[in-house]
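Going down the list, the sequences are from chains L, S and G. Numbering follows my numbering, in which position 72 of the first sequence is assigned residue number 72; successive positions increment by one, without gaps. Numbering follows my numbering, in which position 260 of the second sequence is assigned residue number 501; successive positions increment by one, without gaps. Numbering follows my numbering, in which position 206 of the third sequence is assigned residue number 819; successive positions increment by one, without gaps.
Hints may be right or wrong, so weigh each one.
Incomplete in silico selection of chain S near chain G, CB under 7 Å [claimed, not checked]:
1. L375
2. L376
3. A391
4. V398
Straight-line C-alpha distance at most 20 Å; calculated SDA-like pairs for lysine to any residue [what the hints assert, rightly or not]:
5. G:K759 x S:G606
6. G:K927 x S:L403
7. G:K927 x S:S404
8. G:K927 x S:T405
9. G:K759 x S:Y598
10. G:K927 x S:L399
11. G:K759 x S:Q471
12. G:K759 x S:S404
13. G:K759 x S:T405
14. G:K759 x S:L399
15. L:K164 x L:I175
16. S:K568 x G:K759
17. G:K927 x S:S401
18. G:K759 x S:D411
19. G:K759 x S:E475
20. G:K759 x S:E477
21. G:K927 x S:V398
22. G:K927 x S:L592
Since the hints were derived computationally from the structure, they do not count as laboratory data. Where is the CB? At the ideal position from N, CA and C, for every residue including glycine.
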Amino acid sequence: MAEALLQLSGVHTHIGPYHILHGVDFAAPAGQLTMLLGRNGAGKTTALRTIMGLWQASSGTIRFGGEDITRNTTPDIARAGIGYVPESMGIFAGLTVRENIVLAARSGPVDSTRLDWMLGLFPALKRFWNLPAGNLSGGQKQMLAIARAIAEPRRLLLIDEPTKGLAPVMVRSMIEAFKALKAAGETILLVEQNFHAASALGDNVLVMDDGRIVHSGPMSELVADKNMQQRLLGLSLDAHQ
Amino acid sequence: MSRSPAPALTVDRDRASGSVLTGLLSSDLPRSKVLTVVLLAILLMLATTPFVFSGSQPLSTAAKICVFIVLVASYDLLLGYTGIVSFAHTMFFGIGGYGIAIASERLGATWTSVAVGLGTALCLSALLAVAIGLLSLRVRAIFFSMITLAVASAMAVLASQLSTITGGEDGLSFQLPYELRPAFRLLSEPVFGVAVNGRLIAYYILFFATLLTFLLLLRIVNSPFGRVLQAIRENEFRAEALGYRVVAYRTAASVLSALAATMAGALMALWLRYNGPDTTLSFSIMIDILLMVVIGGMGTMYGSVIGAALFVLAQSYLQVLMDAASKALAGVPVLPDLVHPDRWLLWLGALFVISVYAFPGGIVGRLRQAEQ
Amino acid sequence: MTDIAVESSASTEQLPRTKTDWLPLLLVPALALIALPFVGSGSTWVTLTVAGLAMGMMIFLMASGLTLVFGLMDIINFGHGVFISLGAYASLLVLGPLGGWVQADSIWLNLGLLLLCILAAMGFTAVVGAVFERVIVRPVYGSHLKQILVTMGGLIVAEQAIHAIWGASPIAIPLPATLRGAFIIGDVVMERYRVVAVGIGLFVFLGMQLLLNRTRLGLLIRAGVENPEMVEALGYRIRRLFVSVFVAGSALAGLGGVMWAFYRQTLTAGMGMDVMVLVFIVIIIGGLGSVGGCFVGSILVALVANYVGFVEPKLALISNILVMALVLIWRPQGLFPVARR
Numbered sequence: 001m002a003e004a005l006l007q008l009s010g011v012h013t014h015i016g017p018y019h020i021l022h023g024v025d026f027a028a029p030a031g032q033l034t035m036l037l038g039r040n041g042a043g044k045t046t047a048l049r050t051i052m053g054l055w056q057a058s059s060g061t062i063r064f065g066g067e068d069i070t071r072n073t074t075p076d077i078a079r080a081g082i083g084y085v086p087e088s089m090g091i092f093a094g095l096t097v098r099e100n101i102v103l104a105a106r107s108g109p110v111d112s113t114r115l116d117w118m119l120g121l122f123p124a125l126k127r128f129w130n131l132p133a134g135n136l137s138g139g140q141k142q143m144l145a146i147a148r149a150i151a152e153p154r155r156l157l158l159i160d161e162p163t164k165g166l167a168p169v170m171v172r173s174m175i176e177a178f179k180a181l182k183a184a185g186e187t188i189l190l191v192e193q194n195f196h197a198a199s200a201l202g203d204n205v206l207v208m209d210d211g212r213i214v215h216s217g218p219m220s221e222l223v224a225d226k227n228m229q230q231r232l233l234g235l236s237l238d239a240h241q
Numbered sequence: 242m243s244r245s246p247a248p249a250l251t252v253d254r255d256r257a258s259g260s261v262l263t264g265l266l267s268s269d270l271p272r273s274k275v276l277t278v279v280l281l282a283i284l285l286m287l288a289t290t291p292f293v294f295s296g297s298q299p300l301s302t303a304a305k306i307c308v309f310i311v312l313v314a315s316y317d318l319l320l321g322y323t324g325i326v327s328f329a330h331t332m333f334f335g336i337g338g339y340g341i342a343i344a345s346e347r348l349g350a351t352w353t354s355v356a357v358g359l360g361t362a363l364c365l366s367a368l369l370a371v372a373i374g375l376l377s378l379r380v381r382a383i384f385f386s387m388i389t390l391a392v393a394s395a396m397a398v399l400a401s402q403l404s405t406i407t408g409g410e411d412g413l414s415f416q417l418p419y420e421l422r423p424a425f426r427l428l429s430e431p432v433f434g435v436a437v438n439g440r441l442i443a444y445y446i447l448f449f450a451t452l453l454t455f456l457l458l459l460r461i462v463n464s465p466f467g468r469v470l471q472a473i474r475e476n477e478f479r480a481e482a483l484g485y486r487v488v489a490y491r492t493a494a495s496v497l498s499a500l501a502a503t504m505a506g507a508l509m510a511l512w513l514r515y516n517g518p519d520t521t522l523s524f525s526i527m528i529d530i531l532l533m534v535v536i537g538g539m540g541t542m543y544g545s546v547i548g549a550a551l552f553v554l555a556q557s558y559l560q561v562l563m564d565a566a567s568k569a570l571a572g573v574p575v576l577p578d579l580v581h582p583d584r585w586l587l588w589l590g591a592l593f594v595i596s597v598y599a600f601p602g603g604i605v606g607r608l609r610q611a612e613q
Numbered sequence: 614m615t616d617i618a619v620e621s622s623a624s625t626e627q628l629p630r631t632k633t634d635w636l637p638l639l640l641v642p643a644l645a646l647i648a649l650p651f652v653g654s655g656s657t658w659v660t661l662t663v664a665g666l667a668m669g670m671m672i673f674l675m676a677s678g679l680t681l682v683f684g685l686m687d688i689i690n691f692g693h694g695v696f697i698s699l700g701a702y703a704s705l706l707v708l709g710p711l712g713g714w715v716q717a718d719s720i721w722l723n724l725g726l727l728l729l730c731i732l733a734a735m736g737f738t739a740v741v742g743a744v745f746e747r748v749i750v751r752p753v754y755g756s757h758l759k760q761i762l763v764t765m766g767g768l769i770v771a772e773q774a775i776h777a778i779w780g781a782s783p784i785a786i787p788l789p790a791t792l793r794g795a796f797i798i799g800d801v802v803m804e805r806y807r808v809v810a811v812g813i814g815l816f817v818f819l820g821m822q823l824l825l826n827r828t829r830l831g832l833l834i835r836a837g838v839e840n841p842e843m844v845e846a847l848g849y850r851i852r853r854l855f856v857s858v859f860v861a862g863s864a865l866a867g868l869g870g871v872m873w874a875f876y877r878q879t880l881t882a883g884m885g886m887d888v889m890v891l892v893f894i895v896i897i898i899g900g901l902g903s904v905g906g907c908f909v910g911s912i913l914v915a916l917v918a919n920y921v922g923f924v925e926p927k928l929a930l931i932s933n934i935l936v937m938a939l940v941l942i943w944r945p946q947g948l949f950p951v952a953r954r
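Start from the sequences, fold in the hints, and give me the full structure.
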């Protein structure tokens with residue numbers, strides 16, 4: 001089997017005196033949307049930050065597109081083609097929406113087709129184009145954060161809890177946007193707490209607990225198996241509907 | 242580190258005196274043979290200077306060492322134990338000096354004036370320390386250094402401008418109570434060939450006040466309060482999470498440190514019978530304090546003794562040595578200029594930078610490390 | 614890309630409000646007006662105001678680099694004052710060989726001399742800044758305590774080095790002939806050099822605004838001050854950005870140093886550290902990392918110093934502490950707090 005686009009093997013991460021990741025192994029295949037689920041504090045955000053080089057892995061290897069990127073610096077990892085949307089969104093509040101996007105397109109101006117496509121996904125951004133991003137609502141900021149991640153072609157998107165704290169109507173439009181991104185062939189690793197959103201989108205699913213991957217498989221399998229949901233996520237889909 | 246093995250300093254035969262000593266030092270022993278010897282030597286030297294050396298220069302040097310031990314130890318309480326960089330320490334030092342000077346000048350050369358001066362100075366220092374603490378409390382901790390720098394320099398300018406009260410740039414010379422004047426004789430006969438006059442009494446007041454304040458500071462940093470300060474220094478957020486009110490502790494440490502610095506200023510003025518901007522308020526004294534703390538060893542009270550003694554001795558005698566070296570090297574290019582006595586601060590500055598990088602524990606830390 | 618038509622009419626009511634924060638800007642004219650009755654005479658007031666603006670511009674030059682360095686990398690540089698002193702002394706490199714231009718009765722030769730001094734100072738402090746960053750600052754990232762100590766140590770060494778090179782006693786430097794004296798309009802007296810200083814300060818401020826708002830580099834700096842980690846995650850090497858800002862900030866401090874030196878017409882090794890007190894007050898008032906706040910703060914502090922210095926000279930510096938305290942009580946993060954993470 002060909003190697004997946006992103007491959008973590010035995011990754012351990014320490015933050016100060018705390019041991020957060022205890023040997024994480026997983027693969028995110030190209031062209032698919034992989035969901036990363038798990039309770040609060042399971043290590044999902046740390047996993048993404050470790051991939052981005054924002055925390056240094058203390059052991060294990062991270063391979064991206066066949067290259068070992070474990071020891072690379074954050075800018076180099078980004079330049080290898082990874083777009084990142086942190087949990088806090090990382091919007092530059094003092095910059096306008098336009099300036100946020102201009103900055104994200106590191107290699108030069110965004111061509112008009114791409115811009116149209118992006119703004120088609122998130123029409124609200126167009127209206128606020130020249131306003132400071134700090135004035136946007138939470139959902140709009142989240143859209144800007146994702147738009148920024150796709151401002152130029154990337155090989156992989158790491159997105160941390162995009163639906164967190166959003167109103168249901170916003171969650172729905174966010175799901176639509178991700179469907180469109182999938183259709184465009186993007187490879188995405190998405191951290192999510194909202195199982196409803198996750199089950200609607202994921203091709204594959206990874207479940208983390210206590211700094212380890214405790215389950216990995218196709219999304220459809222998890223959606224079909226209520227017992228497995230109960231065991232892995234401590235929730236039943238019905239109860240949350 | 243609770244009851245650490247004590248004997249390093251104590252005489253084994255006499256366990257009782259050992260535990261008294263441990264108690265005096267708050268169980269915080271030097272923990273290094275070399276350090277113990279050096280500290281004992283400094284203590285012995287300071288205690289006997291009037292009888293061992295003749296002339297006023299050695300006595301003045303010893304008195305200055307005493308004052309700076311208090312000043313530097315109190316600064317270490319902030320810098321080394323609490324992890325706060327304050328540039329207002331000389332302000333409190335100056336308040337102590339001016340307290341004694343102004344009271345003695347206005348109210349006459351009596352013990353009452355000295356008491357009033359010291360009391361007022363202590364109150365003013367405590368108030369100012371709380372005010373700075375509260376102002377910095379509203380802002381990020383990092384502002385503290387900048388705010389103290391600004392406040393201290395404003396006070397220094399103010400002191401030199403309010404010349405009717407402070408004597409301006411010239412400072413104030415004043416008379417001490419009769420019992421502290423050279424003309425006063427406590428005993429009619431000299432002891433070991435040295436006249437027991439007011440000057441000698443003044444020196445020993447200085448010496449014992451220093452010893453007492455130092456032991457008190459040692460007690461404070463080894464008390465539960467001191468441990469909380471160190472916890473805050475190590476990890477502010479964790480200390481906060483454990484339920485300690487970080488700001489209150491920091492402010493309390495600032496106040497204690499300010500009070501001790503005021504005390505040092507008062508001692509300095511008593512010794513010099515003079516106080517002025519250059520002896521207590523100037524920024525260069527602040528720099529000297531920083532050098533002494535860091536080179537002696539941050540976060541080790543004993544470092545202040547080593548730092549102060551070394552620095553004052555160097556200030557008084559090293560420059561003579563450098564002068565000789567500079568003259569000896571005359572004719573060689575560049576070198577004489579580099580060892581010129583005026584350049585000594587250049588070398589200390591470089592030593593300071595290297596200490597911060599390479600020996601964050603200073604001389605004391607280095608000695609303790611060597612012991613293990 | 615860059616510009617797309619903002620859809621008009623229909624959607625306007627949904628636009629989030631743009632809150633431009635005018636209040637701190639109004640402080641400056643308000644302060645000037647409040648000072649008027651205390652100063653008494655209108656012409657004196659104008660003179661003081663011009664003097665305050667000139668001083669404010671110089672403080673701004675010295676403070677702007679420091680505030681950006683702090684915002685970008687969370688580094689406090691207590692040694693920044695060295696660049697001010699070094700810039701001032703660097704003017705001697707020009708004044709030595711070209712001393713004749715000082716007395717020349719030609720405004721062009723005089724201004725040319727000033728310009729050459731500025732270039733020499735900026736070049737010199739830029740180089741020293743690069744070395745300082747590499748040797749002193751780089752090893753102590755992440756620890757504020759060590760930063761303060763080490764940069765303070767750097768300050769001591771550099772000041773002593775100035776003593777070793779140029780001597781410890783103050784050096785008098787002459788103001789070029791045509792820049793001496795004052796413009797007199799009616800009974801308003803404005804010293805010429807102060808007007809020149811205001812001009813240069815405004816020029817640099819506008820240049821910085823253009824750079825920060827109209828160029829990609831400026832965009833990166835603004836973004837980096839807000840959230841350096843995200844800038845890295847977008848693929849930019851922020852270290853390089855930081856070094857260039859540090860060097861530019863040192864050069865600006867050098868520029869401020871030259872201007873300050875001609876203003877005082879005296880050089881001392883400690884002159885940088887003396888003025889650093891005002892610089893710190895300005896940075897705290899303006900909001901760490903904010904160039905606009907730094908500008909407003911500089912003018913505010915300088916105006917207060919000049920007005921109070923005229924009315925009650927003894928309280929000049931204390932009054933600035935008071936201004937700082939009041940601003941912090943009103944806005945603990947400074948006048949223009951920079952949004953952070």
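Status of each hint after checking the structure:
The criterion of a C-beta within 7 Å of any C-beta in chain G is not met by L375 of chain S, whose closest approach is roughly 10 Å, and the hint is violated. Using the Cβ-Cβ criterion of 7 Å, the hint placing L376 of chain S at the interface with chain G is satisfied: the shortest such distance is roughly 6 Å. Hint status for A391 of chain S: holds, given a least beta-carbon distance of 5 Å to chain G, under 7 Å. Residue-level restraint check for V398 of chain S holds (minimum Cβ-Cβ distance to chain G is 5 Å; threshold 7 Å).
For the proposed pair K759 of chain G and G606 of chain S, the alpha carbon gap of about 16 Å is at most 20 Å, so the pair holds. For the given pair, K927 of chain G sits about 7 Å from L403 of chain S by alpha-carbon distance, which is consistent with the 20 Å threshold. The suggested pairing of K927 of chain G with S404 of chain S holds, with an alpha-carbon distance near 10 Å, which does not exceed 20 Å. This hinted pair checks out: K927 of chain G and T405 of chain S have alpha carbons roughly 12 Å apart, not beyond 20 Å.
With a C-alpha separation of about 8 Å, the suggested pair K759 of chain G and Y598 of chain S falls inside the 20 Å cut-off, and the hint holds. Restraint check: the Cα-Cα separation between K927 of chain G and L399 of chain S comes to about 7 Å, which is no more than 20 Å; the hinted pair holds. Straight-line distance between C-alpha atoms of K759 of chain G and Q471 of chain S comes to about 16 Å, which keeps the hinted pair within the 20 Å bound. Of the pairs offered as hints, the one joining K759 of chain G and S404 of chain S is violated, with about 38 Å between alpha carbons and a cut-off of 20 Å exceeded.
Restraint check for K759 of chain G and T405 of chain S: the C-alpha separation of about 41 Å exceeds 20 Å, so the hint is violated. A C-alpha spacing of about 31 Å is found between K759 of chain G and L399 of chain S, which places the hinted pair above 20 Å, so the restraint is violated. Using a Cα cut-off of 20 Å, the hinted pair K164 of chain L and I175 of chain L holds, with the two alpha carbons roughly 13 Å apart. Taking the CA atoms of K568 of chain S and K759 of chain G, the gap is about 37 Å. The hint is violated against a cut of 20 Å.
The suggested pairing of K927 of chain G with S401 of chain S holds, with an alpha-carbon distance near 9 Å, which does not exceed 20 Å. A threshold of 20 Å between alpha carbons decides the hint, and for K759 of chain G with D411 of chain S the separation of about 36 Å lies outside it, so the pair is violated. For the suggested pair K759 of chain G and E475 of chain S, the alpha carbons sit about 14 Å apart, so the restraint of at most 20 Å is met. For the given pair, K759 of chain G sits about 16 Å from E477 of chain S by alpha-carbon distance, which is consistent with the 20 Å threshold.
Simply put, K927 of chain G and V398 of chain S have alpha-carbon atoms about 8 Å apart, close enough for the 20 Å limit, and the pair holds. Between K927 of chain G and L592 of chain S the alpha-carbon distance is near 38 Å, which puts this suggested pair outside the 20 Å criterion.
Violated hints, listed in ascending order, are 1, 12, 13, 14, 16, 18, 22; each of the other numbered hints is respected by the structure.
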